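Produce the entire structure from the sequences given, and follow the hints as far as they go.
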Amino acid sequence: TKPQHKEEQHTFAVGHLAAGYLTGKATSKLLNVSVSIPLLFVVSTLPDIDLLIPALQHRGPTHSLLIISLLFLPIFMVYGKRVTPYFLATILHSIGDLLIGGTVQLVWPATTYWYGVGINAMSLTAILTEWTFFLASLTLMLKAKDLRILFQHHPTNLLLAIPLFTVLLPSLFSFPLSVPVALIIPHVILLVFFAIPILIDIEHILRHHLRFTSSSI
-3 TKPQHKEEQH TFAVGHLAAG YLTGKATSKL LNVSVSIPLL FVVSTLPDID
47 LLIPALQHRG PTHSLLIISL LFLPIFMVYG KRVTPYFLAT ILHSIGDLLI
97 GGTVQLVWPA TTYWYGVGIN AMSLTAILTE WTFFLASLTL MLKAKDLRIL
147 FQHHPTNLLL AIPLFTVLLP SLFSFPLSVP VALIIPHVIL LVFFAIPILI
197 DIEHILRHHL RFTSSSI
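Per the numbering used here, the sequence shown runs over residues -3 to 213.
The hints are simulated quantities; they were obtained by calculation from the structure and are not laboratory data.
Model, not experiment: these values are computed from the prediction.
Idealized CB from N, CA, C, for every residue including glycine.
Any given hint could be a false lead.
Claimed, not checked - What follows is a list of derived Cβ distance ranges for each label pair:
| id | residue 1 | residue 2 | range |
| --- | --- | --- | --- |
| 1 | Leu66 | Leu136 | 27 to 33 Å |
| 2 | Pro50 | Leu154 | 22 to 28 Å |
| 3 | Val188 | Ser119 | 41 to 47 Å |
| 4 | Pro70 | Leu154 | 21 to 27 Å |
| 5 | Leu62 | Glu199 | 30 to 36 Å |
| 6 | Leu202 | Pro105 | 44 to 50 Å |
Okay, here's the thing in structure tokens:
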């Protein structure tokens, strides 16, 4: 019999964001291409767009490797190997969901089969995995000085509002709390890391607008 869709569909953003960042950075190094850190974080949670679309089951078509590949194909045709870090960060999300916390329609529409390894998202194994990826990504961000770059004004920083408002904030402020207590700290740290660049950009935009307004009077 085919595995059915399991309702245990916890979405812990920490692992997806950290794994996407690590994969994207490693790939950009290997291919010798530059990479946008905010955009890496965005695509690492992109399959979870189904959380915003009531008609779609979570971890259904938007998590399909076939659909993701088709969506990235025209972008590859335009930008070539520079797209690879973002592509791998995106598909890693689906693979992560395949391993932990339920089932995924991995090759929809070729089949509606739900694939899953079956590791419980609330298990010690899952939580330690999330922490491992988080600490590894934090270490790399500090070593590569990406955190310092992130805290400087750049228009792409506003992209961080997407994972901030779609996965981080809802996870922390849901009732009952959907995030295990053991993962609250990394969630809060990432929330702060994303909120600061957004506020820096907003402050820059407001300051520029006020300066423009005053000079026009």
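Here is how each hint holds up against the structure:
1. Leu66 to Leu136: 27 to 33 Å: holds, 31 Å
2. Pro50 to Leu154: 22 to 28 Å: holds, 26 Å
3. Val188 to Ser119: 41 to 47 Å: 27 Å Cβ-Cβ, so the 41 to 47 Å window is violated.
4. Pro70 to Leu154: 21 to 27 Å: holds, 24 Å
5. Leu62 to Glu199: 30 to 36 Å: The hint (30 to 36 Å, Cβ to Cβ) is violated, given that Leu62 and Glu199 are roughly 42 Å apart.
6. Leu202 to Pro105: 44 to 50 Å: holds, 46 Å
Comparing the model with each earlier hint shows violations of hints 3, 5; every other hint is respected.
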